[in-house]
Amino acid sequence: MKHIFISLIIITFTIGCQKKDLYLVGEYKIYKPSYTDKIYRYFKYDSWTVGTELNLKKDSTFEMKNCSMFMKGKWTNNSDSLFLKIESKKFRIDSLNNSPKWKNWLAIGEGIYTFKIDGKFLENEKKYSSGKLSLEKLEKIVIN
215 MKHIFISLII ITFTIGCQKK DLYLVGEYKI YKPSYTDKIY RYFKYDSWTV GTELNLKKDS
275 TFEMKNCSMF MKGKWTNNSD SLFLKIESKK FRIDSLNNSP KWKNWLAIGE GIYTFKIDGK
335 FLENEKKYSS GKLSLEKLEK IVIN
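Oh and the sequence shown: position 23 is 237 in this note's numbering, straight run, nothing missing.
Just so you know, the hints here were simulated from the structure itself, not pulled from any lab data. Note that this is a predicted model, so its numbers are computed, not measured. Zero decoy hints are in this set.
When the alpha-carbon atoms are kept at most 20 Å apart in a straight line, the in silico SDA-like pairs for lysine to any residue are as follows:
1) Lys272 <-> Tyr327
2) Lys304 <-> Val264
3) Lys299 <-> Asn269
4) Lys288 <-> Lys299
5) Lys279 <-> Asn311
6) Lys288 <-> Asp273
7) Lys340 <-> Tyr327
8) Lys303 <-> Glu241
9) Lys354 <-> Ser295
Build the full structure now, drawing on both the sequences and the hints.
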């Protein structure tokens with residue numbers, strides 16, 4: 215009886231952990247800000263990203279496109295953040311993929327791309343070495 219009880223607890227926690235991640239699965243596109251959001255962004259950020267699309271899959275893989283690149287990899291999360299570990303990336307303009315001048319941009323490195331989870335939104339604030347601040351805000355559009 216004791217073993218059955220312990221087994222049920224373990225199964226409950228396992229199922230609970232798996233369901234926790236499923237709410238993130240789906241397709242995201244860049245958020246189209248309202249007029250007041252645009253005013254707020256103008257004063258807070260030096261730039262914001264446009265054209266990004268992200269597809270989070272049930273098997274913990276992702277595909278992401280932005281204005282210049284295609285990226286693939288694995289995703290994980292905790293209670294308030296989404297982490298994208300890029301495993302491959304290439305330029306949308308194929309000739310740049312073989313150009314020595316642009317080769318450094320294709321380096322994968324150890325970096326993790328992090329988004330803050332805010333309901334149906336994912337936000338990434340980047341602070342550049344120049345001190346400038348940029349925003350990338352994605353909105354969930356399709357649930358897989």
